[in-house]
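**Q** The residues making up each chain are set out below.
There are 2 protein chains.
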Amino acid sequence: MVAPRVIRLGEKFGLFKEHWKPKIIAELNDSDLKAVKVKGEFIWHHHDTEDELSLVTKGRLTIKLKDKDLQLREGELVVIPRVMEHKPVAKEEVELLLLELKTTLNTGNVPNERTAKAEWI
Amino acid sequence: MVAPRVIRLGEKFGLFKEHWKPKIIAELNDSDLKAVKVKGEFIWHHHDTEDELSLVTKGRLTIKLKDKDLQLREGELVVIPRVMEHKPVAKEEVELLLLELKTTLNTGNVPNERTAKAEWI
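Listed in order, the protein sequences are those of chains A and B. Read left to right, the first sequence gives residues 0 to 120 (numbering that gives the first Met the number 0). Read left to right, the second sequence gives residues 0 to 120 (numbering that gives the first Met the number 0).
So here's chain A without its partners, still in its complex pose (with noise of 0.2 Å):
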C-alpha cells in the first residue's frame, strides 16, 4: 500500500505556469484531484457522463452557462452536472481546484487543440 503523503497546494501551484493544463495532484476512487491554472476564454463545451466539481482558490472565475454566468471567487465552489454547457472565463489568472472522473477530458465533447491530457505533477 502507497504511504499516503500530505499534498500542500501552495507548493503544487508553484510548479507550474501555463493555463489551462490540468495537473493531477491526488486521487481516489475513481476521481482525480486536479489543479489548473486559467486566464482568458475556454471554449464552449460538456460532459456526456461526468459531473465536475470547481473549487476556486485564488481569484474570480466566470462560468457561462446558457441561461446565466456564475461568478467564483475564493473558497467558492460549483458542480457542473453532466451534459451542461458551460463555458470558463477569467479576466485576470484563476487558480482551482478541478474534482473529475479519471475519464474526464477537459474539453469535453469537443477533442480539439485545447484539449489537454492531465499529468501528474
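Calculated directly from the structure, the hints in this document are not laboratory data. Wrong hints could be hidden among the right ones.
As a list, the in silico EDC-like pairs of lysine to aspartate or glutamate whose alpha-carbon atoms are at most 16 Å apart [to be verified]:
hint: 1; chain 1: A; residue 1: K36; chain 2: A; residue 2: E84
hint: 2; chain 1: B; residue 1: K20; chain 2: B; residue 2: D47
hint: 3; chain 1: B; residue 1: K57; chain 2: A; residue 2: E73
hint: 4; chain 1: A; residue 1: K57; chain 2: B; residue 2: E73
hint: 5; chain 1: B; residue 1: K116; chain 2: B; residue 2: E10
hint: 6; chain 1: B; residue 1: K101; chain 2: A; residue 2: D29
hint: 7; chain 1: B; residue 1: K90; chain 2: B; residue 2: D68
hint: 8; chain 1: A; residue 1: K101; chain 2: A; residue 2: D47
hint: 9; chain 1: B; residue 1: K36; chain 2: B; residue 2: E17
hint: 10; chain 1: A; residue 1: K38; chain 2: A; residue 2: E94
hint: 11; chain 1: A; residue 1: K101; chain 2: B; residue 2: D29
hint: 12; chain 1: A; residue 1: K57; chain 2: A; residue 2: D29
A short, non-exhaustive set of chain A residues, derived as facing chain B with CB atoms under 10 Å [said to hold, decoys possible]:
hint: 13; residue: N28
hint: 14; residue: T56
hint: 15; residue: H85
hint: 16; residue: V88
hint: 17; residue: V109
hint: 18; residue: I120
According to the in silico footprint, chain A covers these stretches of chain B (three or more CB under 8 Å from chain A) [said to hold, decoys possible]:
hint: 19; region: 4-18
hint: 20; region: 45-55
hint: 21; region: 68-74
hint: 22; region: 78-87
hint: 23; region: 101-115
Each residue gets a CB set at the ideal place from its N, CA and C atoms; glycine is no exception.
Add chain B to chain A, keeping to what the hints say.
**A** Then chain B, alone, in the frame of chain A:
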C-alpha cells in the same frame, strides 16, 4: 436538470457548530463533498473499499496512522487509501472538507455511537 449554484465554504461552515458530524454540501458522480468541524480525538477506523480525501480549510489537523502522524494545515490535503487504519486528532477546532463515496460511513468499519449519517446543509 438542477441548475448549478455557487457554494460558499465560509457560509456553509457558519451553519453548524457541532464536531465530528459531516454535512453534505455538494454531490457529483458517486461522491459527496462534506464539510466537517472536528476537535479532540476520533476513533481508530478504516474504510474497507473507499479512499477518503481530507482538505483542511482552517486550523491544524493530525491524522494518526499506525506508523506515523500526518500534520495538515490550511490548504493541505491527504488521501487515506482504503483499508488503512487512521485516527484524526485536533487540539483546537479544525474545519475541513471530506470527499467520500456516497457509501462511506464516517466511522468506517466501526459502527458505534459516533457513527453519523451525513445530512445536507
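**Q** Hint by hint, note whether the structure agrees.
**A** Evaluated hints:
1. A/K36 <-> A/E84: violated, 21 Å
2. B/K20 <-> B/D47: violated, 20 Å
3. B/K57 <-> A/E73: holds, 14 Å
4. A/K57 <-> B/E73: Since the Cα atoms of A/K57 and B/E73 sit roughly 14 Å apart, the hinted pair holds (cutoff 16 Å).
5. B/K116 <-> B/E10: violated, 21 Å
6. B/K101 <-> A/D29: Holds: B/K101 and A/D29 sit about 13 Å apart, inside 16 Å.
7. B/K90 <-> B/D68: holds, 14 Å
8. A/K101 <-> A/D47: holds, 14 Å
9. B/K36 <-> B/E17: Given that 16 Å is the threshold and the Cα spacing comes to 7 Å, the pair holds.
10. A/K38 <-> A/E94: holds, 9 Å
11. A/K101 <-> B/D29: holds, 13 Å
12. A/K57 <-> A/D29: violated, 26 Å
13. N28: Result: holds, 5 Å to nearest chain B Cβ.
14. T56: Holds - the Cβ of A/T56 comes within 10 Å of chain B, reaching about 8 Å at its closest.
15. H85: Check passed: Cβ of A/H85 comes within 8 Å of chain B, closer than 10 Å.
16. V88: violated, 15 Å
17. V109: violated, 20 Å
18. I120: With Cβ-Cβ at 14 Å, over 10 Å, it is violated.
19. 4-18: holds (count 6)
20. 45-55: holds (count 4)
21. 68-74: holds (count 4)
22. 78-87: Three-residue rule met by the region 78-87 of chain B, so holds; n is 5.
23. 101-115: Three-residue rule not met by the region 101-115 of chain B, so violated; n is 0.
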